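Listed below, chain by chain, are the residues.
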Amino acid sequence: MLKTTPFHERTARVCVSHAWRRWAGHIVASSYELSHEREYHAIRSAAALFDISPLYKYLVRGRDAARLLDGIATRNVAGARVGDVLYTPWCDAAGKVLDDGTVARLAEDTFRLTAADPNLRWLQDNATGLEVTIEDVSESTAALALQGPASRQILQQLTDTDLTSLKYFRITAARLREFSVTISRTGYTGDLGYEIWLEREHAIPVWDALIEAGTPYGITPAGMLALDIARIEAGLMLIDVDYVPARKALIPAQTSSPFELDIGWTVSLEKEHFVGKPALAEEARRGPAWRFTGLEIEWDALERLYDEVGLAPRLPAAAWRTSVPVYAGGEQVGYATSGGWSPLLKKYLALAHLRSRSAAPGTRLEMEVTIEHRRKRAGARVAKKPFFNPERKRA
Amino acid sequence: MPASYDAIVIGGGHNGLVCAAYLARAGKRVVVLERRDEVGGAAVSEEVFPGFTFSTYSYVVSLLRPEIIRDLDLPRHGLHILPLESTLTPLANGDYLAQWSDHDQNHRELARHSARDAEALEEFGRLMHQMARAVKPLLGMVPPDPASLAPRDLLGLMRVARHVRGLGPGAFHALCKLMTMSAADYLDEWFETDALKATKSASGIIGTLLGPRSPGTAYVLLHHYMGEIDGVFRAWGFAKGGNGSVSAAIAGAARALGAEIRTGAPVARVLVGNGRATGVALESGEEIAAQCVVSGVDPRRTFIELVGAEHLPSEFVEAIRRFKFRGSSGKVNLALGALPDFTCLPGAGPHLRGAISISPSVDYLERAYDEAKYGECSRRPYLDIVIPSMIDPAMAPPGRHVMSIFVQYAPYAVNGGWTEARRAAFGDAVIDTLAEYAPNIRSAILHRQVITPADIERTLGLSEGNIFQGELTLQQMFFLRPAPAWAKYQTPIHALWQCGAGTHPGGGVMGASGRNAALTMLGSAR
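Listed in order, the protein sequences are those of chains Z and A. The opening residue of the first sequence carries number 1 in our numbering; numbering runs sequentially from there. The opening residue of the second sequence carries number 1001 in our numbering; numbering runs sequentially from there.
Just so you know, these hints were derived from the structure itself, not from any lab. Be a bit skeptical, because a hint or two may be false.
Claimed, not checked - Some residues of chain Z that are not near chain A, with every Cβ distance over 12 Å (derived):
id, residue
1, H26
2, E33
3, G62
4, Q156
5, D162
6, S165
7, E178
8, D242
9, P252
10, S323
11, G330
12, N389
13, R392
As the list claims (entries may be wrong) - Sample of chain Z residues at the chain A side, in silico, Cβ under 7 Å:
id, residue
14, L2
15, G25
16, P118
17, L120
18, R121
Bear in mind that the values here come from a model prediction, so they are computed numbers and not experimental data. Every residue, glycine too, gets a C-beta built ideally from N, C-alpha and C.
My request is simple: use the sequences and hints to build the entire structure.
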């Protein structure tokens, strides 16, 4: 049997679409309403509430907690201040990404690591000889993401903690009504937003409080389909979709380094040691073979192709997650792994792995599109990520 | 005597049938001679009790080579493989360990016992997948002899070497470990859940007189990992109608391709003249001539009984005499009036549609082996149970069931020999063991059939009752199976070939030996 999240009692009630999907062994809503459209717009115009409880979460505590995480993550965890949240990948010895997530420094010697895949064994195996305890709190910690321009106003009504002083990628302990929670200014939408971490047993009253306080502001429970569009607009990659974690790769060609995934900024080569450092230092010197970039499919090209068969352009209703070839001239130079229409930007966007030589912003390429059962190539242009980056995200 | 056939195949087991089908497909005139009244050898379905059909001996499918299914178009000849999706291991403490085919469900269940193991399982599965990929091409190849300098052997060795090199260092080192370690030691490197290690290591001991802690058993684990259905490694299935329908499908294909199949035609000896096989003599006295003879029966029966040592070089005869059989397993087939009710997971449910493995701990298996080592049957044996009627209800009358119990250890060379009393005691030990986990089993039994290694030898002609025509251990595999320098399906007798599981790559309802032999004879083996 699949697991349900701590909010299931509430999410099941509002999920009129009955469209569920799996996430880390749990069932979560694809969309609550019959279409995900309104849920998407809530992210960008009001506030969307996501149940993100299926994330794996580990509490790492003890004198050597920072040392352990610093030795695994590519980011400089040891240098983090209490209250900092770091987005970071972690790699195998070959410098290939195993997973990506966040490390929050809750106290001097207490961290919470979030991950997409189970990582207990990896943490334990790297903790040999260290004075550290690792606790898998995936089940006991519930989590919500409140994302969108109204998120701060909604959340502020429920807590005395001043949220305007909670900066981007910072975390704080807070009371939400009478419940102890931690609130981080993080998210997966590229918008103003918060993630709320709480004890499983408080899940239902916290959900109810947010809905109650948020209703006047248009709070909308939103599912994975809406999130998928938002994270593409934000240029955020998704494990198993945009990259194969090194643990699951059957051949080396399936693996990617942080540089190849365009998150080279997370690799702190000044650190004395972390898993994969020698390989990554070498790659930094040589330059990565691949780049993970944005791609904008040109409207005119698309329209022309549809026009040839007597149709108006048809746009994907939801984001797609398949591997689509990308060409430069006649030669395949890469593949897109996620894509979709941005209802906000009015652009057809994709995220693509490209050979470095074809990955400079502005490079003209072609992406395969299937039009009336035939494979065609539509003009596309390499674009900088994120596609959408509102000031309010950091303000 | 004019040769009316291009080839005579001795033995209508699945390998003999596969060999005959491939020869017939190449336009050869072939006759298969089967001693029993039905083809299939150990892969037969029999209505042992009225209304209850059993895969009497061999009982699951997974190793059957996909290229044989394709080449012979076996689905058109009635082959239908149904999925066998789970394995339930009841534990001594009343709990259980289940392995499910759904990734999330399996992860959740294993995490209940060990979160570490649940994570390790993914990596282990990936590694074994790589290992299986590494070894799989060897299955379809005539094993090259590393002691030979013949161009063909060198070429073959180069292919193997290139292939192994291509694995990368991690996989190569793992392969070395698999080749040398015991199943239990190998699994210890990965897992902490005893029942998981026990259940996995059980596939390392099947058909051998070795225990999970005996070196070399890790490789056998891999042999079983190579089961492949629809391209998915480690997928086990159940043939609709029982394993006899696998044989029937191959026989159907062989006949359609022009092969002749004669049952009730026991071969007494291979006719040899001037160092060359010229045909066979049946027990009836009838003599049949052919350009060549292919034996699908095991090496000992082929060379010592049917050919005769006098026709063979003495060092070859010695090698064949040294080839180890040591049958170690038996079967108990039950006709049931009701389903077993397992204390750990009461009632009917999906767990009864999969395998049920009585392997609660590595110590349990090793203890079972200890007794066998000294010539006794295990008092508490390893059991691999399936309830075929849960997967294919036509196997039993409506509402009733058939249960197939593979049992190890039941040594062929049991102290005092196999007597009626021994057989009954063996059957009782199996039922006593099962009743500890499913107490209602005694009252559910309508009929019981107990098969010992001695029965397997007597009924099927498999020496010492070994289900693989010789133990699947490293010292008698690849270029050593069945004898050094004679592992390429040919024999010291000109025009006499071998195509049984006693040749590379060995047992399981795989058919690779039959296919490789036929292709070698036709000169088109890789």
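For each hint, the structure was consulted:
Some Cβ of chain A comes within 12 Å of the Cβ of H26 of chain Z; the nearest lies about 8 Å off, and the non-interface call is violated. Distance to chain A confirms E33 of chain Z as a non-interface residue, since its nearest Cβ pair spans about 26 Å, more than 12 Å. The Cβ of G62 of chain Z lies farther than 12 Å from every Cβ of chain A, with a closest approach of about 19 Å, so its non-interface assignment holds. The Cβ of Q156 of chain Z lies farther than 12 Å from every Cβ of chain A, with a closest approach of about 38 Å, so its non-interface assignment holds.
No Cβ of chain A approaches the Cβ of D162 of chain Z within 12 Å, the least distance being about 39 Å, so the stated non-interface status holds. With a closest Cβ-Cβ approach of about 38 Å to chain A, S165 of chain Z is found to remain outside the 12 Å limit, as its non-interface label requires. With a closest Cβ-Cβ approach of about 32 Å to chain A, E178 of chain Z is found to remain outside the 12 Å limit, as its non-interface label requires. At roughly 20 Å from the closest C-beta of chain A, the C-beta of D242 of chain Z stays outside 12 Å, upholding its exclusion from the interface.
At roughly 7 Å from the closest C-beta of chain A, the C-beta of P252 of chain Z falls inside 12 Å, breaking its exclusion from the interface. With a closest Cβ-Cβ approach of about 19 Å to chain A, S323 of chain Z is found to remain outside the 12 Å limit, as its non-interface label requires. With a least beta-carbon separation of about 30 Å from chain A, G330 of chain Z lies farther than 12 Å from that chain, consistent with its non-interface assignment. With a least CB separation of 35 Å from chain A, N389 of chain Z remains clear of the 12 Å interface cut-off, as annotated.
With a cut of 12 Å on Cβ distances, R392 of chain Z stays outside the contact zone with chain A, its closest approach being about 37 Å. For L2 of chain Z, the suggested interface contact is upheld, since its CB lies about 6 Å from the closest CB of chain A, less than 7 Å. Interface hint at G25 of chain Z: satisfied, since its Cβ lies 4 Å from the closest Cβ of chain A, which is below the 7 Å cut-off. About 5 Å separates the beta-carbon of P118 of chain Z from the nearest beta-carbon of chain A, less than 7 Å, and the hint is met.
Evaluation of the L120 of chain Z hint against chain A yields a held restraint, the C-beta minimum of about 5 Å falling below 7 Å. Taken as an interface hint, R121 of chain Z checks out: its beta carbon lies about 4 Å from the nearest beta carbon of chain A, inside 7 Å.
When held up to the earlier numbered hints, the structure conflicts with 1 and 9 and fits the remainder.
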